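Engineer: All chains should be built: construct the whole structure from the sequences, respecting the hints.
Here are the chains, one letter per residue:
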Amino acid sequence: NAGVTQTPKFQVLKTGQSMTLQCAQDMNHEYMSWYRQDPGMGLRLIHYSVGAGITDQGEVPNGYNVSRSTTEDFPLRLLSAAPSQTSVYFCASSPRRGSLDEQFFGPGTRLTVL
Amino acid sequence: KQEVTQIPAALSVPEGENLVLNCSFTDSAIYNLQWFRQDPGKGLTSLLLIQSSQREQTSGRLNASLDKSSGRSTLYIAASQPGDSATYLCAVNDYKLSFGAGTTVTVRA
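Chains as they are written, first to last, in the numbering used here: chain A, 139 to 252; chain B, 103 to 211.
Just so you know, these hints were derived from the structure itself, not from any lab. Keep in mind it's a predicted model, so treat the numbers as computed, not measured. Each hint can be trusted.
Mimicking EDC-like on lysine to aspartate or glutamate, the simulated pairs with C-alpha atoms at most 20 angstroms apart in a straight line are:
id, chain 1, residue 1, chain 2, residue 2
1, B, K198, A, E197
2, B, K198, A, E240
3, B, K198, A, E168
4, B, K103, B, D129
5, B, K198, A, D194
6, A, K147, A, D164
7, A, K147, A, D176
8, B, K144, A, D176
9, B, K198, B, D129
10, B, K170, A, E240
11, B, K170, B, D129
12, B, K198, A, D176
13, B, K103, B, D196
14, B, K170, B, E105
15, B, K170, B, D196
16, B, K103, A, E197
17, B, K103, A, D194
18, B, K198, B, E105
19, B, K170, B, E158
20, B, K144, A, E240
21, B, K170, A, D239
22, A, K147, B, D141
23, B, K198, A, D239
24, A, K147, A, D211
25, A, K147, A, E210
26, B, K144, B, D186
Structural biologist: Set out below in structure tokens:
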């Protein structure tokens, strides 16, 4: 198993540009989520999904969209990038939501918005 | 809203010393608590998962304890090595994960 994969690893955008961060998992996990990590603030939940076709907002959803058309993929879309979205983005998956299961994280995407 | 605090923010110890990392949380109604390791520029690696019904969990040189009533967890790393240098994060699961900011550990050879 590849586990949780994320692409790209690095990205530089200009203010106002849009882009999609890709996340995929091959463990047949129902629950997937996106976090951003900023210095001194820990990881904060952006959006999550409890299964294909079901998504919900986390703590910091503004400026981001998600969809979950398949169990494997959970892309994160930045609609109009802003410098405040400069961060490291992590995707995670878990077999079931709100269960006693371990969370598995991808390697991250480092995004800079100029 | 769950608040997770990790103190200290940074720690430097000589090789061989035991490490004690602290994590506190404000709401004791949790499902589990997970400890992660993060190396610079890398993702999160899961170290230990403690269920809410457990008092401790062990894996090799690592031991994590959980006191739900007082809202605290402690990660012990025995006989530290330079390879243990990393940032350690705790995350509390109360249907969503809430993370602490982490403790950055440096083990000096």
